[in-house]
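**Student:** Quick note, the sequences are listed as chains A and B, same order.
Numbering (this note's numbering) for the first sequence: 1 to 77.
Numbering (this note's numbering) for the second sequence: 1 to 371.
Some clues are possibly wrong.
As the list claims (entries may be wrong) - Pair by pair, the computed Cβ-Cβ distance ranges are:
no.	chain 1	residue 1	chain 2	residue 2	range
1	B	Y298	A	D39	47 to 55 angstroms
2	A	T59	B	I242	29 to 37 angstroms
3	B	A37	A	T33	32 to 40 angstroms
4	B	G141	A	D70	48 to 56 angstroms
5	B	A17	A	D39	43 to 51 angstroms
6	B	A212	A	D39	55 to 63 angstroms
7	B	F8	A	D39	26 to 34 angstroms
8	B	L333	A	T33	47 to 55 angstroms
To be verified - Reference listing, derived: stretches of chain B covered by chain A, where coverage requires no fewer than 3 residues with Cβ under 8 angstroms from a Cβ of chain A:
no.	stretch
9	3 to 10
10	16 to 25
What the hints assert, rightly or not - Straight-line C-alpha distance at most 25 angstroms; calculated SDA-like pairs for lysine to any residue:
no.	chain 1	residue 1	chain 2	residue 2
11	A	K25	A	G47
12	A	K61	B	F69
13	A	K61	B	K346
14	B	K243	A	R65
15	B	K250	A	E58
16	B	K170	A	D39
17	B	K314	B	M297
18	A	K61	B	S247
19	B	K3	A	T33
20	B	K66	A	K29
21	B	K346	B	L154
22	B	K347	A	I40
23	B	K66	B	A226
No wet-lab data here; the hints were simulated from the structure.
Just so you know, even glycine gets a beta-carbon here, dropped at the ideal spot from N, CA and C.
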Amino acid sequence: MIIKILGSGCPNCQRLENNTKQAVKELNKQDVTVEHVRDIVKITEYGVMSTPALVIDETVKSSGRIPEADEIKGWLA
Amino acid sequence: MKKETNIFLLLAGLFLAFYFLPITNSQFIEALLSGFALLHEYAREHVLTCLLPAFFIAGAIAVFIKKDFVLKYLGGQAKKYVSYPLASVSGSILAVCSCTILPLFAGIRKRGAGLGPAVTFLFSGPAINIAAIFLTISVLGIKIGLARICLAILLSIVVGISMQLIFREKIEEGKLFVEQSNQPTYSKAVVLLFMLVMVGVLVVNGLQINQAQKYVLMGLLIITTAVIALTKFQKATNKEWIKETWSFTKMLLPILFIGVFAAGFVMPFLPQEFIERIVGSNTIIGNIVASIFGAFMYFSTLTEIPILQALIAKGMSQGPALALLLAGPSLSLPNMLVVRRVLGNKKTAVYVLLVILYSSIAGLLFGGIIK
């Protein structure tokens with residue numbers, strides 16, 4: 001499973017990354033990589049308008065908000 | 001390891017600064033006092049009566065105006081007379097975090113209404129900032145404040161249309177991911193009334209009536225706001241509103257305090273003669289110099305206001321001041337370098353030149369009118 005955090009690096013994007021890492025840890029999932037995509041051109045290729053955004057296996061799960069770890073866990077299961 | 005290195009560097013830097021502090025230098029003392037005096041002025045006259053209501057209003061906008069509703073009207077089928085005006089005012093609605101301005105811009109440009117409205121949005125996002133507008137009016141005066149908001153909106157549309165006419169880009173087809181919001185729907189009338197009452201607090205503060213009457217009126221309006229919120233909105237909505245308001249406050253107040261102190265500190269050093277000579281009167285050169293300075297210089301949100309206050313105190317005329325206010329917040333050298341990666345060199349250069357040109361014209365006209 002490849003998780004990508006889309007965001008150019010402001011504190012909100014960092015919070016999303018932290019929540020994601022926490023969710024992965026709590027579920028004890030193996031075989032998961034978490035990437036942080038900061039490049040603006042790559043971000044727009046996902047059709048996302050509002051950052052921060054969360055992409056799991058190339059599907060956009062949320063955009064423009066910061067889901068809590070619990071919500072992210074629901075997508076990871 | 002990196003974090004510990006940073007802490008070390010910070011402590012070492014602070015120590016060196018304190019060690020070499022020119023504490024006996026009278027100019028330095030004067031600058032320090034000037035910085036604190038300006039902070040005192042802002043704390044007394046602007047923070048509670050202007051910034052605080054503005055933050056609450058900004059929080060309400062973030063909660064009540066649905067992004068997906070606005071984005072729909074910035075889509076590919078949008079009519080020009082809808083998309084341009086909407087793009088010019090929705091900056092503060094859509095881009096609550098500054099890092100999202102570029103993805104939004106790219107989205108509107110390629111999969112939405114096109115280059116023109118996207119550029120309008122790019123310019124107006126930082127320019128039409130609720131807190132900045134009200135603080136401008138409170139600190140610099142109603143004339144330049146109103147001129148700022150009207151001309152910023154107008155300029156963003158003109159710059160957008162100009163870019164579209166010059167480059168004539170086509171829109172692509174594409175998937176647009178717009179998150180559905182799950183906010184409860186409230187009657188538009190109630191939300192509008194709610195906002196107006198809060199704006200009323202700001203307006204009353206600016207009126208020329210005696211203090212006691214002002215406080216009574218403002219108190220009444222504040223109570224009304226609270227009553228509407230408690231009786232008409234769900235608890236979750238109110239919580240969200242307070243959360244957004246707090247988030248704005250946390251983000252903007254510290255920067256403002258630093259900016260105000262810096263502007264006050266620098267003020268005694270500003271070369272009055274130089275300022276008066278170049279931007280002291282409403283000349284073409286003066287307005288152009290002011291817009292170029294504004295375009296390249298980086299202003300953190302709200303800090304353009306104390307800086308302008310210092311420049312005006314040292315002789316800057318109203319026309320060039322407005323030119324700076326228009327070109328300043330939306331552009332900066334770092335910002336240009338980032339925009340360049342999405343727009344390319346040519347379009348970025350044209351964008352910058354258009355902003356400088358139109359801000360200078362706006363400043364010139366304003367300076368001429370208020371004489």
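**Student:** When you take the CB atoms of L333 of chain B and T33 of chain A, is the distance between them in 47 to 55 angstroms?
**Tutor:** violated, 36 angstroms
**Student:** Tell me if the straight-line CA distance from K61 of chain A to K346 of chain B falls inside 25 angstroms.
**Tutor:** Violated. K61 of chain A to K346 of chain B sits at ~35 angstroms, over the 25 angstroms cutoff.
**Student:** Count the residues of the stretch 3 to 10 of chain B whose CB lies closer than 8 angstroms to any CB of chain A, then report whether that count reaches three.
**Tutor:** violated (count 0)
**Student:** Taken at face value, is the distance from the CA of S247 of chain B to the CA of K61 of chain A at most 25 angstroms?
**Tutor:** Given that 25 angstroms is the threshold and the Cα spacing comes to 24 angstroms, the pair holds.
**Student:** If you check the beta carbons of F8 of chain B and D39 of chain A, does the distance land in 26 to 34 angstroms?
**Tutor:** holds, 31 angstroms
**Student:** Sort out whether G47 of chain A lies within 25 angstroms of K25 of chain A, counting only the CA atoms.
**Tutor:** violated, 29 angstroms
**Student:** Can you let me know if the beta-carbon spacing of Y298 of chain B and D39 of chain A is within 47 to 55 angstroms?
**Tutor:** Since Y298 of chain B and D39 of chain A have Cβ atoms about 22 angstroms apart, the given range 47 to 55 angstroms is violated.
**Student:** Kindly confirm whether 43 to 51 angstroms is satisfied by the beta carbon distance between A17 of chain B and D39 of chain A.
**Tutor:** violated, 36 angstroms
**Student:** Given the hint that K61 of chain A pairs with F69 of chain B, does the C-alpha gap stay at or below 25 angstroms?
**Tutor:** holds, 19 angstroms
**Student:** Mind checking the alpha carbons of K250 of chain B and E58 of chain A for me, to see if they're no more than 25 angstroms apart?
**Tutor:** Violated, because 34 angstroms separates the two Cα atoms, which is more than 25 angstroms.
**Student:** Would you mind confirming whether the straight-line C-alpha gap from K314 of chain B to M297 of chain B stays at or under 25 angstroms?
**Tutor:** holds, 19 angstroms
**Student:** For the pair G141 of chain B and D70 of chain A, does the Cβ-Cβ distance stay inside 48 to 56 angstroms?
**Tutor:** holds, 50 angstroms
Hint compliance for this structure: hints 1, 3, 5, 8, 9, 10, 11, 13, 15 and 20 are broken, all remaining hints hold.
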